[in-house]
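Residues per chain are reported as follows:
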Amino acid sequence: MRKIFKNLPIHLILIITSLLSVFPFIWLISTSLKGNSENIFAYPPTIIPTDFTWANYTGVWDKVNFIGYFLNSMIVAGGTVILNLILSSMAGYPLARMEFKGKKITFFAILATIMIPFQAIMLPVYLITLKLHLVDSVNNFAGYVGLIMPFAVSAFGIFLMRQAFLGIPKEMEEAAIVDGCNVFQIFTKVLLPMVKPSLAVLAIFTFIGSWGEFLWPSIVLTKDAMYTLPVGVNNLQGMFSSNWRFIAAGSILSTIPIIIFFLCMQKYFISGENEGAVKG
Amino acid sequence: MFKYYGKYAPYLFLLPAAIVLVIFFFIPFFQTFALSFMDYSNSIYNAGFAGFENYIKLFHSQVFYKVLLNTFIYLIVAVPILAIVPLFLAVLLNREIRGLTLYKILIYLPVIVSIVVAAIAFKWLYADEGILNFIVTTFGLSKIGWLTDPKWALYSVIIVTIWKGIGYYMMIYLAALMSVPKELYEACEIDGAGFFRKHLTVTIPHIMPTIALVTTISAISAMKVFAEIYVMTKGGPLNSSKTIVYYIYERAFENLDLGFASAMAVVLLVIVLALSLVNILFFEKNRYQI
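As you go down the protein sequences, you meet chains A and B in turn.
When the first sequence is numbered by this note's numbering, its final residue is 280 and no position is left out of the sequence of numbers.
When the second sequence is numbered by this note's numbering, its final residue is 1290 and no position is left out of the sequence of numbers.
Derived by calculation from the structure, the hints in this document are not laboratory data.
Incorrect hints may have been included.
[What the hints assert, rightly or not] In silico lysine-lysine, BS3-like type, Cα no more than 27 Å apart, as pairs: (1) A/189 / A/170; (2) B/1003 / A/101; (3) B/1234 / A/63; (4) A/196 / B/1003; (5) B/1003 / A/104; (6) B/1198 / A/6; (7) B/1198 / A/223; (8) B/1182 / A/6; (9) B/1182 / A/103; (10) B/1007 / A/103; (11) B/1007 / A/170; (12) A/131 / B/1003; (13) B/1234 / A/189; (14) B/1182 / A/267; (15) B/1003 / A/170; (16) B/1007 / A/104; (17) B/1224 / A/101.
Turn these sequences into a full structure, and let the hints guide you.
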């Protein structure tokens, strides 16, 4: 009992912070559940809707192609994750385990990309993407490729995988050589299975980053059918100008998949053991 | 161990990543500088050489200085808060009490949710007849034009960035706090040191590198703010909430003046490079050793 009392101020601060963190969503959910007969600008505001309804959700669902946006986001985030896993582990392997000419230069060249913000180079990236015909006006597949490629690999991922490979004892490779494995078999059959935890961390953080990306898709996308969820949600504002019930319902709908993902994977985010997963 | 791999194996493994990095990082990096010397103002299909014209235009532009000032305000408001508040929360959460995981999940939630949804949620809080103005008026103050008053718009947007960042930096601090030896705290308690004394003498010195890391990461991300502004204010009113990246976007994709936008991008590059260099040279030296 005494202990609870001692910790009371701590709990109080944490409860207030937690409430501040979720309140904007709660208010959005509250608005999305209010029917037309309830004034959403009422003073004093009511959190619990008096005219409770799901109508805003069904209404916005009928008018907006959420399934399409969701699938687009899945394709783009999925493609980005797969490419990052393959390219980062492939590049991390020689940087951790091999001696070769130009290793130092390669290392620093990759390191240098950490310091180049995408926002500063996005204009040439856009021009190059246009020149390579990787835009949705060519066809949908090209559009997806164009959304994915600028983020297909990152220095963060390469260094994360390099660090993981460095932690594997040399005896593993030696044993594999004795067994007659060639370099590609060592990579795929011996080393990759041992860095699964790092691959998982890379996959999850790449997924979150790609899923929330807004700037690049809003630059390259031209067709509504190609919109990813963030672009589609931003578009709600234009579609329903001041119908905040619909905008709120649409925003909440678009957030459900990532909340489910987060709750399933929460140990990766909040275990505090992923110090290596700090992304600049 | 003998060299079990062929002469070309390292390069073959590096090749796919190298192709992507060259096409989407290195070429665009140099092209940004090249574009900043081109004149696209007549037609985007037929560029002429501009020399330093774009830079001269940039340094004579009132908006440019406004944008720089706004970005600077962003830095000095957001960075200290993002370096200190999450540390404080992490210290509170770094103990074994039941139920703390729930707090972590709730405080981390804004990090996970798309910035677009976050900005829309805040736009709704900031509405003229919205809930924040209700709170303000119940205290007897007059309504605030959170996003429509040039005095307030920038700070209203900064609040969203801070709100969305707190959980992220809190988890970085929590990871760092785990490495502080527990014996030191016990020694402190025996000496009778209180909460603040304990953390000032043990915690802060121990995680100084992490504090520096969080400061630079949050400074660099403050330089790159875009979505909040795009969704909430479009840089207005009267350029009061326009920051560097939004200005680049606007000049390039709305005014189609790629040369001018690229000159602006070079300015951004220089600032971020300086911040990153400080970070790597002083704080992360050990992280990237060969």
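Hint check:
1. Taking the CA atoms of residue 189 of chain A and residue 170 of chain A, the gap is near 15 Å; set against the 27 Å cutoff, the hint holds.
2. As the CA atoms of residue 1003 of chain B and residue 101 of chain A are separated by approximately 14 Å, the hinted pair is consistent with the 27 Å bound.
3. Straight-line distance between C-alpha atoms of residue 1234 of chain B and residue 63 of chain A comes to about 25 Å, which keeps the hinted pair within the 27 Å bound.
4. A threshold of 27 Å between alpha carbons decides the hint, and for residue 196 of chain A with residue 1003 of chain B the separation of about 25 Å falls inside it, so the pair holds.
5. Annotation: proposed proximity of residue 1003 of chain B to residue 104 of chain A holds, straight-line Cα distance about 18 Å (limit 27 Å).
6. With a C-alpha separation of about 17 Å, the suggested pairing of residue 1198 of chain B with residue 6 of chain A holds against the 27 Å cut-off.
7. For the hint linking residue 1198 of chain B to residue 223 of chain A, the alpha-carbon distance of about 58 Å lies beyond 27 Å, and the restraint is violated.
8. Distance check on the hinted pair: residue 1182 of chain B and residue 6 of chain A sit about 20 Å apart at the alpha-carbon level, within 27 Å; holds.
9. Taking the CA atoms of residue 1182 of chain B and residue 103 of chain A, the gap is about 41 Å. The hint is violated against a cut of 27 Å.
10. Distance check on the hinted pair: residue 1007 of chain B and residue 103 of chain A sit about 13 Å apart at the alpha-carbon level, within 27 Å; holds.
11. The hinted pair formed by residue 1007 of chain B and residue 170 of chain A meets the criterion: a straight-line CA distance of about 20 Å does not exceed 27 Å.
12. Distance hint between residue 131 of chain A and residue 1003 of chain B is unfulfilled; the C-alpha atoms sit about 42 Å from each other, more than 27 Å.
13. Proposed proximity of residue 1234 of chain B and residue 189 of chain A is contradicted: the alpha carbons are some 51 Å apart, above 27 Å.
14. For the suggested pair residue 1182 of chain B and residue 267 of chain A, the alpha carbons sit about 23 Å apart, so the restraint of at most 27 Å is met.
15. With a C-alpha separation of about 12 Å, the suggested pair residue 1003 of chain B and residue 170 of chain A falls inside the 27 Å cut-off, and the hint holds.
16. Restraint check: the Cα-Cα separation between residue 1007 of chain B and residue 104 of chain A comes to about 17 Å, which is no more than 27 Å; the hinted pair holds.
17. Restraint check for residue 1224 of chain B and residue 101 of chain A: the C-alpha separation of about 36 Å exceeds 27 Å, so the hint is violated.
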